Every structure is written in structure tokens, then in C-alpha cells.
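Student: Given only the sequences and the hints, what does the whole structure look like? Please build it.
Now for the letters of each chain:
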Amino acid sequence: MERRTFLAATGATLLSAPALSQGAAARTLKFVPQANLANFDPIWGTQYVVRNAAAAVWDTLYGIDDQLVPQPQMVEGETMSADGLVWDFRLRPGLLFHDGAPVLAKDVVASITRWMPRDPMGQMISAIQDELVAVDDRHFRWKLKRPYPKLKYALGKTATPCCFIMPERIAAGTGSTTMITEYVGSGPMTFERGEWVPGAKAVFKKFDRYVPREGTASWMAGPKRILVDRLEWVVMPDPATAAAALQNGEVDWWESPISDLIPLMRRNRNVAVDIADPLGNIGSFRMNHLHPPFNNKKVRQAVLTALSQEDYMRALVGDDTNLWSVLGGYFTPGTSGYTEAGGEALKAKNLARGRQLLAESGYANEPVICLVAQDQPLTKAMGDVTADLLRRLGMNVDFVATDWGTVGQRRAMRNPPGQGGWSMFHTWHAGADTVNPAAYNALRANGEQAWFGWPSIPAVEAGVTEWFDAPNEDAEKIAMDKINREAVENVVYAPTGFFKSYQAWRRNVTGIQKGPLPFFWGVAKS
Amino acid sequence: MFAYVVRRVLATIPVMGLVALFVFSLLYLAPGDPAAVIAGDQATPQDVERIRASLGLDRPYLVRFGEWFFRILQGDLGLSIFTNLPVTTMIAQRIEPTLSLMILTLILAISIAVPMGVIAAWKQGTLIDRAVMGFAVLGFSVPVFVVGYVLAYIFALELDWLPVQGYTPFARGFVPWLQNLILPAIALGGVYIALIARITRATMLEVLQQDYIRTARAKGANQSSILFLHALKNAAVPIVTVIGIGIALLIGGAVVTESVFAIPGLGRLTVDAILRRDYPVIQGVVLLFSFVYVLVNLAIDLAYTLFDPRIRY
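Going line by line, the protein sequences match chains Y and F.
Using full-length UniProt numbering, the first residue of the first sequence is number 1, and each one after it goes up by one.
Using full-length UniProt numbering, the first residue of the second sequence is number 1, and each one after it goes up by one.
None of these hints come from the bench; they were simulated from the model.
Computed from a predicted structure; not experimentally measured.
No false leads were slipped in.
Selected chain F positions facing chain Y (Cβ under 7 Å, derived; list incomplete):
| id | residue |
| --- | --- |
| 1 | Val37 |
| 2 | Ile38 |
| 3 | Val48 |
| 4 | Arg50 |
| 5 | Ile51 |
| 6 | Ser54 |
| 7 | Ala156 |
| 8 | Pro163 |
| 9 | Gln165 |
| 10 | Ser259 |
| 11 | Val260 |
| 12 | Ala262 |
| 13 | Arg268 |
| 14 | Asp272 |
| 15 | Arg277 |
Positions of the beta carbon are idealized from the N, C-alpha and C atoms, including for glycine.
Tutor: See the structure below:
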């Protein structure tokens with residue numbers, strides 16, 4: 001080879017840019033998720049980010065629509081016996097797994113069986129289950145020992161873990177506490193395992209043989225039509241970088257921009273900004289009911305009375321009042337079940353009354369160990385407000401500034417605060433989970449079995465049982481009023497306000513829905 | 001010399017063993033629980049406990065360390081708790097971007113800092129000297145992430161010359177590779193340039209006072225040959241030492257730089273693993289970094305012989 005030929009060839013190779021044609025670029029949607037997709041088993045790991053990715057890859061039997069009603073998804077239809085004990089389900093025809101095998105009733109039975117031990121509603125169903133069997137390829141039967149009116153809701157809810165349908169060989173061959181290693185989906189997109197770089201990138205491709213339902217897509221229900229060929233999740237830990245990448249057109253859709261950067265996004269005419277999830281989130285001041293001082297109801301009431309949700313919300317999301325509101329109850333505002341029954345104390349914001357209640361409680365200056373995760377902007381902001389509030393109330397604050405990994409470990413300890421335990425921590429609950437008691441773990445008050453803090457309040461539990469047994473919406477409403485009243489009176493936890501967040505996308509992207517998770521069906525890019 | 005290299009390489013084995021023991025113990029004692037992170041915020045304590053047991057995190061320290069160390073001896077770094085992928089695979093996925101960033105930063109830094117230091121020493125007390133030293137102070141003072149944001153704002157958002165984030169593998173072409181890395185390399189290289197420039201200047205000032213420099217001048221040698229042949233070669237040993245020490249600085253800086261520019265490298269892998277308490281990944285990456293550092297020190301020790309023939313091993 002001549003020297004010049006060699007140099008020209010080498011130069012051409014070195015300088016070649018991987019130019020994507022405009023068409024190819026339009027068929028690839030680049031999405032910045034809220035967090036890293038560190039694992040991909042939606043039953044084993046129940047983080048929201050795993051659920052969000054899994055929803056594109058695995059389908060569900062039912063899907064919750066934007067009215068929070070479960071609609072048939074993989075199921076063609078169902079019948080329930082008059083006594084409510086026997087349910088017969090029929091799968092719709094044409095359902096395929098990504099390996100080309102048909103979705104059969106035995107796959108569904110295995111998937112439900114793997115899901116049940118990991119899900120609170122699944123555990124309840126499991127406790128009253130008589131049998132769950134595949135009758136034929138498209139028909140499965142569920143026999144219960146007592147009626148469970150919320151069965152369809154359980155199979156279609158968006159709260160984690162969702163009941164995703166996997167092949168029998170994977171679901172039955174893997175325990176619910178063991179991670180799956182084969183990602184054969186039943187949904188509209190395939191997961192490209194070979195391109196997965198945990199912490200950096202995850203790639204999904206349109207599954208051409210997926211058969212969507214007829215009708216209009218609404219959240220997890222309806223036709224899941226994928227309008228791009230390829231979906232790339234680009235993990236960006238730094239919000240400023242994600243903002244710059246979106247403005248520069250390097251990514252198309254950012255799931256959770258921080259509120260500080262919203263004005264910057266709004267100034268860019270190529271970028272659209274809107275509320276991500278109308279169901280928002282509820283901030284939580286979670287107390288340890290096992291040990292002083294918060295094992296004392298009056299101390300909990302003192303905090304609840306003195307607490308200003310507005311202070312928390314301004315610290316959390318700023319002065320944009322479209323983004324937050326003050327709660328008078330524990331359920332998601334704007335939904336049919338929301339109630340403020342007995343909720344006056346939540347809005348009291350009365351420091352003097354709080355001090356009085358604290359004095360009446362006999363509080364003996366025990367240290368209040370506040371576990372505050374500094375690596376989560378939301379918990380950090382809430383922690384700073386709490387430290388100030390408790391000090392003004394006259395409490396002895398021991399502020400433990402740490403990271404979320406440590407809070408996650410320490411909050412599981414039931415020891416007294418002086419022996420490695422804790423008094424309070426902050427978190428938040430997705431509004432989709434707090435719509436009703438179905439998936440609202442944080443509101444349960446069944447002592448040892450309850451969520452961290454272990455409240456034991458039989459009246460709250462009685463209300464929850466009434467809700468699960470409620471035959472109609474009126475009865476559900478009565479039960480939720482009761483739960484709210486008792487939860488406020490006994491302070492299961494102290495809500496710190498209701499807040500929403502934004503999402504942002506390039507204006508050449510259309511079809512983005514507002515909802516509790518990013519729905520990729522119906523989203524197109526020009 | 002060969003015997004020395006063999007001795008040094010063999011000496012890395014006990015060093016790595018100690019590092020392994022130290023890292024494992026530190027992680028065992030550190031607070032935090034991967035099971036709680038896996039289970040998610042809404043999980044019940046029972047869920048967390050089940051996951052902890054399934055991961056074997058409830059077993060005694062010695063059993064866990066023994067198993068891990070035995071696997072290490074076989075070259076198996078284990079599986080990530082979170083992804084279930086082999087740690088070696090995860091490291092392999094991430095090593096190219098970090099290596100690229102560090103090499104480009106090294107090339108940039110050395111090719112800028114050494115001439116800067118030499119010129120500052122030559123023009124001691126002048127405006128040039130003060131400008132170089134001012135830059136050095138600035139390089140030390142401004143954090144990497146600030147430089148990164150400013151560069152991204154100017155060259156990506158305002159001028160639209162370069163991408164804000166990401167990494168393109170070298171196999172897809174030199175230009176796209178360079179486009180993605182040039183801003184991170186400049187941002188990361190700032191401190192490094194400052195460090196090398198200052199040391200070069202100080203060492204050169206000392207060397208330029210030596211008798212043999214006066215002799216060279218008396219012989220009529222021109223300025224550039226005095227500076228770069230006579231003086232710089234004799235000043236090289238401390239400069240090379242600083243370059244070696246600075247590699248640790250680069251490893252630390254890469255963590256921040258990779259986050260700011262969303263480069264999928266080992267730095268981000270480390271931070272993610274620490275935040276999630278993904279013990280096998282943390283242990284694997286720290287072992288790798290320690291090994292690299294030991295090798296770099298060996299390479300620098302060997303490089304001394306090139307610059308100073310009096311040094312013998």
C-alpha cells in the first residue's frame with residue numbers, strides 16, 4: 001500500500017463519525033430516567049425505576065386507567081361466581097412472549113404465584129386462596145375461601161410490585177427472592193440485555209409481534225402501541241447535565257427535572273415542561289412508635305399540631321404553588337377517596353398548642369434521633385425543616401446526617417434510640433400508592449407487621465379491613481373516612497404536604513401522558 | 001533490573017491481599033444495607049429480611065470473607081448484588097471510558113504543564129511567570145465540577161460545538177471520541193496542570209542555578225537547548241514523581257468528572273456501588289484501582305533510570 005493511500009484510509013477511519021440518519025434518530029427515543037436501572041427483576045426488586053422499565057417489557061392481566069379503574073389488558077374477560085369465591089379468567093388471543101412462544105394460562109399461574117409473596121395484596125389473596133389453576137391454554141381459575149372484591153385491582157395496580165406476566169419456566173423456576181436472569185417479556189418492547197450498562201444505559205426495542213388491544217391508551221390500559229423503534233434510557237446522575245443535554249437535543253425526555261431547573265427549561269422554546277404525575281407524592285415524617293418519645297401519642301400529636309406543611313413544601317419544591325398543597329388527610333388529594341374527616345390537626349400549624357401538648361405528654365427531654373439522608377434532596381430539605389421545628393417545640397434533637405443506604409438499614413432496627421435505633425426519618429409516598437389502602441403500606445398500623453415505625457392502632461386496621469371488604473364505592477368511602485380519622489387522632493405518621501413534580505421533553509416528541517410512571521406507548525418523535 | 005521488576009511485581013501480591021482484607025472489613029463495618037436498597041422504600045421489614053437472607057448477608061464475617069477471598073484467588077470478583085452480572089463484566093464495560101479520559105488528560109496536562117513550568121522558571125519574576133502561577137492557583141482553587149459546568153455551558157450550550165455528555169467508543173472514530181472527551185479532559189486536567197506546572201517551575205529554578213547550566217551558557221548553547229536538554233532532563237525526576245502521584249488525583253477527579261459529563265466510567269460505577277452498598281463491585285473496583293496505583297508507582301521508579309543514569313536497581 002502506498003504511503004498516501006494508507007494515510008488517507010487511516011484518516012478516514014479515525015475521523016468517521018457514527019452519523020445517524022435523521023430517520024434513524026427520529027426512531028430512537030432517548031429518555032433520562034429518575035434513577036439508575038440497577039437490576040431488572042420487577043418482582044425481586046420493587047424500586048419504581050425497575051417497575052417503570054418493566055412496564056414496557058412485561059404486560060399485566062389488567063391495567064389501571066387514568067380513572068384508577070382496572071381494565072382488562074391481557075385478559076379478554078372474566079366471570080365471578082355469585083358468591084364471589086370463584087373467578088374464571090380468559091386470556092385474549094394472539095399474546096406472545098418475546099421468544100415467540102404463546103402466553104398460556106400456566107405462565108399466568110406461575111407469574112401470579114411468584115408475585116403473591118412479594119406483594120401486600122398478593123399476600124392477602126394468598127391467605128384466602130383455595131386454588132389457582134390453569135384450566136386450559138387460555139383459561140385459568142382462581143378459587144378463594146372468602147370473597148376478595150379488589151382482585152382485579154390487585155392484578156392491575158401500578159404500585160410495586162406489579163403482577164407482570166413472565167414465561168412459566170422463568171417464573172416457576174425462580175423464587176420471588178431470587179433474581180431472574182432471563183428477560184423474556186410479554187409486553188410491547190424487548191429488553192436488549194447485551195446493550196445494558198447498569199448505571200449508564202438500558203436499551204429497549206419495539207416488539208413487532210405484540211398485539212395491542214383496541215381502543216384508546218390510558219395509563220396501563222388500552223392499546224400499547226410503540227411508535228419508535230428504539231428506546232434508550234440514558235442515566236444521568238447530575239441534574240444540571242441532564243438539563244443541558246435536553247436543551248442541546250442530546251436527549252428527548254427527562255422524567256424528573258428538579259424544580260430549581262424548571263425556569264431554565266421554560267426559557268428554551270424547544271423544550272416543553274408539564275406536571276409529570278397528577279397523583280403527586282405525600283411527604284412523610286415517620287415516627288418510631290416503639291420507643292420514647294414517639295411511643296407517646298401526645299408527643300406525636302404535639303408534632304402534628306405544630307408542624308407547618310407549608311414550611312416543608314416551600315423547602316422541598318419552592319414557591320411554585322402549582323406544585324404543592326397542604327393536606328387535610330392521608331389519601332391522595334383530587335381522587336374520589338380523598339377525605340379530610342377528622343383532619344383539622346393536620347392543618348393546625350399551631351406551635352403554641354404543640355408546646356402545650358408536649359408539656360402535657362410528660363416528655364422528659366429524651367433525644368429525638370432524626371435519620372436524615374443527605375443524598376436525597378427531598379429528605380435533606382425535610383430534615384432541615386424538622387430539626388428547626390423540633391427545636392422550637394423544645395425537643396432534644398440528635399440530627400444524624402447520613403445517606404439513604406444507611407437510613408434504609410437503620411430504620412429496620414427496633415432497638416431503643418440509644419442502642420442503634422432511631423426516633424424519626426423522612427420519606428415520601430407516591431400518590432398512586434396512597435389513593436386507597438390497597439397498597440398504602442405506610443398507613444397500616446398492624447404493629448409488628450406494619451411498615452417501619454411499627455404503629456399498632458387497631459381502629460386503623462379495622463378501617464382497612466372494612467375497605468377491603470367494601471362491596472361498593474359508598475362503603476369504601478365510609479371506611480376511608482374512618483381510617484383517616486383514626487390515623488390523624490393516633491398519628492400513624494405526620495404528612496408534610498402533597499407535592500407534584502415536573503417532567504420535560506423536546507417539543508418534537510408527542511404523546512407523553514401524565515401519570516404515575518412514564519408510559520412509552522403512544523409516544524412519537526418527529 | 002529484571003530481578004528488581006520481578007521482586008516489585010511479586011511484592012504487589014501481599015499488598016493486594018492487605019488491600020482486600022482492609023476493603024472487606026471496612027465495608028463490613030460500614031453502616032448501610034443493600035437489602036434495604038433492593039427492597040425499595042415501600043418494602044416491609046420482613047421483605048428486607050428475606051432479601052438479606054437470600055443474598056447471604058446474614059452470615060458471619062469470616063464465612064463471607066473466606067468465600068470472597070477464595071474466589072478472588074481464582075480471579076473471580078463475584079456477582080454484583082444488584083445486577084447479578086459478574087463484577088469483571090461490569091468493570092470491562094466501564095474501563096474504556098475511564099482509561100480514555102485519564103490518558104487524554106495525562107497527555108493534555110503534561111504537554112501544557114511542563115512547557116508552562118519551564119517558561120515560568122526561565123522568565124522568573126516577569127508577567128509571564130506571574131500569569132503561569134496565577135493560572136496554577138486558579139487550577140487548584142476552582143473545583144472540577146465548576147470548570148466542567150462552565151465549559152459545557154460555553155462550548156456545548158452557547159457555541160454548540162461539542163456534546164454536553166456521554167461517551168463514544170474509540171472504535172467508532174477518533175473525532176467523535178475526542179468530541180465527547182475533550183471538555184471532561186480539560187476540566188479534570190486543570191488541577192493536574194497546576195500541580196505539574198508549579199513543581200516544574202520550582203525544580204527548574206533550582207536546576208537553572210547549577211554550575212553546569214552556567215557552563216552550557218558559557219559554551220554558547222542556545223536557550224532552548226539549555227532549558228529542554230540540560231535543565232529539564234535534570235529536573236525530570238521530581239516532575240515524574242509528581243506525575244505519578246497525580247494519577248491518584250486523576251482517579252479521584254474522574255469520579256466527579258464522569259458524573260458531570262455523564263461518562264459511563266469506573267468512577268461512576270464506584271459511586272453508584274457505594275451509594276447502593278453493592279459490596280462485590282466496590283471491592284472489585286478498589287482492588288483494581290490499588291493494583292493500577294501499585295503498577296504506576298513501579299513504572300515511575302523504573303522511569304527514574306531513564307532520566308538519571310546514576311540511579312540503579
